[in-house]
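Asks: The residues making up each chain are set out below.
Protein chains: 2
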Amino acid sequence: MNYVTACITVFNDGDDELIVRARGNAINTAVDMVQLLRNRFLKTVEIKDIKIGGEQVTNDEGQKWTLPTIEVTIVKDGRQK
Amino acid sequence: MNYVTACITVFNDGDDELIVRARGNAINTAVDMVQLLRNRFLKTVEIKDIKIGGEQVTNDEGQKWTLPTIEVTIVKDGRQK
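Protein chains in written order, with the working numbering: chain A, 1206 to 1286; chain B, 1206 to 1286.
Simulated from the structure, these hints should not be mistaken for lab results.
C-beta: ideal position from N, C-alpha, C; glycine also.
Hints are supplied without guarantee of correctness; some may be wrong.
Claimed, not checked - List of simulated lysine-lysine pairs, DSS-like, C-alpha gap at most 30 Å: (1) K1281/B x K1281/A; (2) K1256/B x K1253/A; (3) K1248/A x K1269/B.
Claimed, not checked - The calculated label-pair distances, taken between Cβ atoms and stated as ranges, are: (4) I1213/A x T1249/B: 35 to 43 Å; (5) G1229/B x K1256/A: 15 to 23 Å; (6) G1219/A x F1246/B: 44 to 52 Å; (7) D1265/B x I1224/A: 16 to 24 Å; (8) D1282/B x E1260/A: 22 to 30 Å; (9) A1211/A x K1269/B: 42 to 50 Å; (10) R1284/B x T1210/A: 39 to 47 Å; (11) I1224/A x G1267/B: 17 to 25 Å; (12) K1253/A x T1271/B: 15 to 23 Å.
Unchecked claim - Away from chain A, derived, C-beta distances all over 10 Å, residues of chain B: (13) L1223; (14) N1233; (15) F1246; (16) K1256.
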């Protein structure tokens, strides 16, 4: 819910576009948040682009693995296109 | 890993395109799986489209809520475009 507020603040400050980034288990939170924002709070918001990828991470013991990532670009007012 | 095998089987059976669908916590598994498939097993695979959405679910006690969903369309050989 804090992320929804953060997005609304960004849009209210005059920006027209923002990118929601998440990795690992937070990916579903990001998707959920974007849906909540669009369906409940700012109905004009549209998804412009979605990218998925992977990010190499290393833990304290030197083990390396790849975490899935997502980047969702949303625009404040999809009707302005 | 089973999902990676399933995708490879679908592609080997002659289909050129498939859709990976997931909801809730499985979303990050789906993203991870698509990355693993592309980076390790079938390097020609490309992501054609990604959609996110929500699905209304009801539990045994009649409570309703919306689960986030993702649909990733992948093609066997992105070079064929």
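Asks: Now tell me if each hint is right for this structure.
Replies: Hints versus structure:
no.: 1; hint: K1281/B x K1281/A; verdict: violated, 34 Å
no.: 2; hint: K1256/B x K1253/A; verdict: holds, 11 Å
no.: 3; hint: K1248/A x K1269/B; verdict: holds, 21 Å
no.: 4; hint: I1213/A x T1249/B: 35 to 43 Å; verdict: holds, 41 Å
no.: 5; hint: G1229/B x K1256/A: 15 to 23 Å; verdict: holds, 21 Å
no.: 6; hint: G1219/A x F1246/B: 44 to 52 Å; verdict: holds, 45 Å
no.: 7; hint: D1265/B x I1224/A: 16 to 24 Å; verdict: violated, 38 Å
no.: 8; hint: D1282/B x E1260/A: 22 to 30 Å; verdict: holds, 26 Å
no.: 9; hint: A1211/A x K1269/B: 42 to 50 Å; verdict: violated, 27 Å
no.: 10; hint: R1284/B x T1210/A: 39 to 47 Å; verdict: holds, 44 Å
no.: 11; hint: I1224/A x G1267/B: 17 to 25 Å; verdict: violated, 38 Å
no.: 12; hint: K1253/A x T1271/B: 15 to 23 Å; verdict: holds, 22 Å
no.: 13; hint: L1223; verdict: holds, 15 Å
no.: 14; hint: N1233; verdict: violated, 4 Å
no.: 15; hint: F1246; verdict: holds, 14 Å
no.: 16; hint: K1256; verdict: violated, 8 Å
In terms of the numbered hints stated before, the structure departs from hints 1, 7, 9, 11, 14, 16, listed from lowest to highest.
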